[in-house]
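Asker: This is what each chain is made of:
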Amino acid sequence: MRGLDRRQFLQLTGVGGAVFMSGLGGAARAADSLPGSSYEDFFFVQLSDCHWGFEGAPNPDAKGTLPKAVASVNALEQVPDFVIFTGDLTHTTDDPTERRKRMSEFRDIVAELKVKPVRFIAGEHDASLDSGTAFKEFFGATNYVFDHKGVHFIVLDNVSDPGARLGDEQLAWLADDLKKQARDARIVVFAHRPLFDLYPQWDWATRDGAKAVDLLMPYADVTVFYGHIHQEHHHMTGHIAHHSAKSLIFPLPAPGSQPKRTPLPWNPAQPYRGLGFREIEAESKAADYALTELPVQKA
Amino acid sequence: MSIDSSLIDGSRRKLVNALGILALGSLATMAPAQSEDRVIDIVARRFEFVPDELHVHRGETVILRFTAPDVPMGFHLADFGLRTDIMPGMTTTLRLTPDKVGSFIFLCDIFCGTGHEEMNGTLIVS
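Protein chains in written order, with the working numbering: chain A, 1 to 299; chain B, 1001 to 1126.
Simulated from the structure, these hints should not be mistaken for laboratory data. Remember, it's a predicted structure, so these values are computed and weren't measured experimentally. It is possible that part of the hints are untrue.
Claimed, not checked - Chain B regions said to be covered by chain A (calculated; three or more residues, Cβ under 8 Å):
(1) 1071 to 1082
(2) 1096 to 1107
(3) 1111 to 1117
Cβ atoms here follow ideal geometry from the backbone N, Cα and C, with glycine treated the same way.
Construct the complete structure from the given sequences, taking the supplied hints into account.
Answerer: So, in structure tokens, the structure goes:
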């Protein structure tokens, strides 16, 4: 934005919720050490855990929530550079035909997004019962990289293995990709499950996620965005920040806050409470990210 | 808590290792069961553990003996660092000697179908 940066704009206009500043190792780096000419300010939108096909009391508007979120993204005052869905696009089904039907319907709904490109990663509900076969038919590879305005993005797949492993092959692929990056490269990782042991009692972990974190650790500026736990959560492993996103179907309780991992009940007085999506702004001058949480619909 | 040992039926051991499906708690080792240890049989089926409530005394050593009639399952008792895969056609055994009292959730950590996320149970140590 000219004159007023996007974060200031959001704060002044009261759009969305709190702006979370991601304190990164890179942020501590001297500003003049940044190869600034290769970095540009931009922002993107993260949506997660839509669970298309879910039916149940935790969300009586299960068929309406995703279209409302799509409309809200389309109504943003500024157009993001891209949109990414971080897994569980669909709710699981044992029926491969129904799985593809849900993916087809999901794809049609998000095709209404004005912004392009729209990127996807798989969640365990999408991919764990068929090793990602149907997901790949509709949305392409489950792990890949791309570069955008000086940031190197890495998409990891920790769900196609039903045991929640990245696997040695993918870890080798990650290591090879990282070898091509400068130690001060700006790196953003997307995954569905947390790469650290957030709360293994509820299966909120990746069994070999620590190996990926170890590979990333030598790089000064790494941030991870993920889904899976249906709530905002922020955690540091060393200098690496991990941020989970809200869901677009139902919120889950804070880790360990109740005996079992059951959805929080729908509140008719506050529909869509706990649901939403986020904007992530990458700023060249600060080498950090501003996270802005947004509701499904504007009040 | 100490995890003294773990074992998988001897006749299946080589096959299990060959398949690379052995995934036990970090302190678990292969060892024969002690005959005096109490055995708790647990069936891991879609989408429940039977029984789903286990009662053990602190300091008591028990053998958890698993079978899975349907599809591959997992058993993960995170508070004791104990987990294993449970493969159809095999019997998988874990030894547990809890050293703390309380209620501890265990769950299936291999995504097994539509009811996977409700497939859990409770270990009650008194």
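Asker: If you check each hint against the structure, which ones fail?
Answerer: none
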